[in-house]
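Chains as they are written, first to last, in my numbering: chain A, 26 to 359; chain B, 26 to 359.
The hints are simulated quantities; they were obtained by calculation from the structure and are not laboratory data.
Hints may contain errors.
27 Å max Cα-Cα, derived BS3-like pairs, lysine-lysine [unchecked claim]:
#  : chain 1 : residue 1 : chain 2 : residue 2
1  : B       : Lys180    : B       : Lys200
2  : B       : Lys33     : A       : Lys138
3  : B       : Lys138    : A       : Lys57
4  : B       : Lys164    : B       : Lys200
5  : A       : Lys164    : B       : Lys33
6  : B       : Lys290    : B       : Lys257
7  : B       : Lys289    : A       : Lys138
8  : A       : Lys33     : B       : Lys139
9  : A       : Lys139    : B       : Lys217
10 : B       : Lys57     : A       : Lys138
If you want the footprint, here are the derived chain B segments under chain A, 3+ residues with CB under 8 Å [as the list claims (entries may be wrong)]:
#  : stretch
11 : 49-58
12 : 111-122
13 : 174-184
14 : 219-228
15 : 331-342
Glycine included, each C-beta is placed from N, C-alpha and C at the ideal position.
Protein chains: 2
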Amino acid sequence: MNIYDIAKMSGVSIATVSRVVNGSPKVSEKTKARVLAIIDEYGYTPNAFAQGLGLNTMHTIGIMVPSISDMYMANAVFYLEQSLHERGYECILSCSGYQASQKESHLQMLLSKKTDALILVGSTYAGSDDKSHNTDYIKRTSEEVPVFLINGLMKSDNIYCTATHDRQAIFEATKGLIESGRKRILFMTDSKSYSAKQKKKGYHDALSSMGLTPDINMEVFIPNDVEIVRNKMSEFDVLNFDAIVASDDAMAIGALKYMLHSGKKVPDDVSIIGYNNSSLCICTTPELTSIDNHVETVCKNTVDRLLEVLQGDKTVSHRQIFDCDLVKRGTTDF
Amino acid sequence: MNIYDIAKMSGVSIATVSRVVNGSPKVSEKTKARVLAIIDEYGYTPNAFAQGLGLNTMHTIGIMVPSISDMYMANAVFYLEQSLHERGYECILSCSGYQASQKESHLQMLLSKKTDALILVGSTYAGSDDKSHNTDYIKRTSEEVPVFLINGLMKSDNIYCTATHDRQAIFEATKGLIESGRKRILFMTDSKSYSAKQKKKGYHDALSSMGLTPDINMEVFIPNDVEIVRNKMSEFDVLNFDAIVASDDAMAIGALKYMLHSGKKVPDDVSIIGYNNSSLCICTTPELTSIDNHVETVCKNTVDRLLEVLQGDKTVSHRQIFDCDLVKRGTTDF
């Protein structure tokens, strides 16, 4: 039940519902009575709406992603936009790329559009340990409007973070592979972001906990692109690996394609696990086992907390972290 | 070379460049001289900029898509946002869904954000022949700001359309299949939009031109979802088809997965062609032959014409239609 439902059931526009709950004189008594009756019937008080619909706000949320052509980002924007629109908010989208200077200029642009709050999707915005000064512009921005980070963690009074237990998820996936008899596990990553580092730590944790020694050669830095990975995989043949944990599905699929092409059996010769549980996973044969990081849950939780913050709630948690799930398919056998 | 480059080379903000070319008195003579020197050096006249940077505009373009979780839409928004941002424009994104009433309310929202122009991505906005009154709200909107349609055609003074020769592309793909010996070709679609109808016409054209009689049973209406198609394909076994032309890649991949699962050889027993040439195509084994409708070209051309329209050019073409290309991969043998 949201402002659209109220408008629809009352047979009036959203703007009219807004006017009614804000006590505008521009609405006829008859219309006013009808809208208030619907609101009453469903147990809403006009004041609860009024706060969210106050004429002082632009009802606009800025969303920044590095790239909307990335499937995880596209899905995140889909869920964010849907949830926000249901609550009567419009979104301004900005795709910043991955360069620090561009990120800052895009964030300034979003702020200049009189946005009520900003949502930054992707751990790229949380910087990396060695360059934490790169995130100062986000902290400065949060002095003007609340900032919500998805998949990144930063500490500041007006910054709210939602993330997933990436380290734990990779730990469990890697441990599962080792318990099922795999000994030489290749780890693939395309990033040095906070989230990427957590994933690598999870991989190390699992090796250590199972008595295996991490080998730096088994940690491969490679772009998250099916074709690039497929074409580069032959370079890693000498590593004699029997399993792959990839930090994104596209990478895992590039590796899978190379394995199948070079006559290896998956999962018998090589087990493969991806990350994000994207729609790519079910395109391959065998289908890709992947870690589901619940983008829908993360985005909807972010929007819930964002609205609470905008309504003046001072008790909203600054940090919410969700568990991931391993979705087992044909590229693993445990 | 754009406003960002001018700003960067002058060592000032974009806002300052804008002030200089608009003759604002709030800029020091020294800064003004520096910016104008850079502009001069690269052969720009301040007036050419001034028009695009006039303080009367919000420099904001509204983009409406039915769903950003669709890969074609996500890629289109990626290219649109990138091109617009390079020219100093910000984007407001709205995801309208496919319901007529929702589309209209989303379009009103975008308009209320003082957008300079609107871009509607997807043939769903062009309505279908039997319900053309559904597009009246778009024509009304175009009386206020120029409207750009991607993948849909509508005739109106202030509506500009960019599309691809979908009918011709499906005609050629289907003809290729028939020439290579295929006789019973299944056609799959998920839509009754303008673009979907053009595709179906192309399929009919090819059958007729090759002396085959269209069979209504061979035209399947099914959601564009890998898993749904895979699970429903057994219903069509009785049709005894030897090729599939699908109006989207996900459908084609669902069909491919069913074929492989049921022991059919692809392309020997059944050839398959998808549409959009999305990143899904190279995930499958064999990889999917698909029609590339050049989303990048279409989007960049739209932005070019949009800027010309905003700069007052009265000679901008209302309709620009691009050719598609068949990208042959492992699911076909011609």
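27 Å limit on alpha-carbon distance, applied to hinted pair Lys139 of chain A and Lys217 of chain B
With Cα atoms ~39 Å apart, Lys139 of chain A and Lys217 of chain B exceed 27 Å; violated.
Would you mind confirming whether the straight-line C-alpha gap from Lys164 of chain A to Lys33 of chain B stays at or under 27 Å?
Measuring from Cα to Cα gives roughly 24 Å; hence the hint holds.
Between Lys164 of chain B and Lys200 of chain B, does the CA-CA distance stay at or below 27 Å?
violated, 37 Å
Straight-line Cα separation of Lys33 of chain B and Lys138 of chain A no greater than 27 Å?
holds, 22 Å
Given coverage of the stretch 174-184 of chain B by chain A, checked by CB-CB distance under 8 Å (3 or more)
Since three or more residues must qualify, the claim that chain A covers the stretch 174-184 of chain B is violated, with 0 doing so at under 8 Å.
Take the stretch 219-228 of chain B, compare each residue's beta carbon with every beta carbon of chain A, and decide whether three or more fall closer than 8 Å.
violated (count 0)
8 Å C-beta test of the stretch 111-122 of chain B against chain A, three or more residues:
holds (count 6)
Chain A over the stretch 49-58 of chain B, status - at least 3 residues with CB closer than 8 Å
With 0 residues close enough to chain A, the hint is violated.
CA of Lys138 of chain B to CA of Lys57 of chain A, is that 27 Å or under?
Roughly 26 Å between the alpha carbons, so the hint for Lys138 of chain B and Lys57 of chain A holds.
For the stretch 331-342 of chain B, do three or more residues have a beta carbon lying closer than 8 Å to a beta carbon of chain A?
As far as the stretch 331-342 of chain B goes, the hint is violated, because 0 residues have Cβ atoms under 8 Å from chain A.
Proposed proximity, Lys138 of chain A with Lys289 of chain B (alpha carbon, max 27 Å):
Measuring from Cα to Cα gives roughly 56 Å; hence the hint is violated.
Given pair status - Lys138 of chain A, Lys57 of chain B, alpha carbons within 27 Å
Holds. Lys57 of chain B to Lys138 of chain A sits at ~26 Å (cutoff 27 Å).
When each numbered hint is compared with the structure, violations occur for hints 1, 4, 7, 9, 11, 13, 14 and 15.
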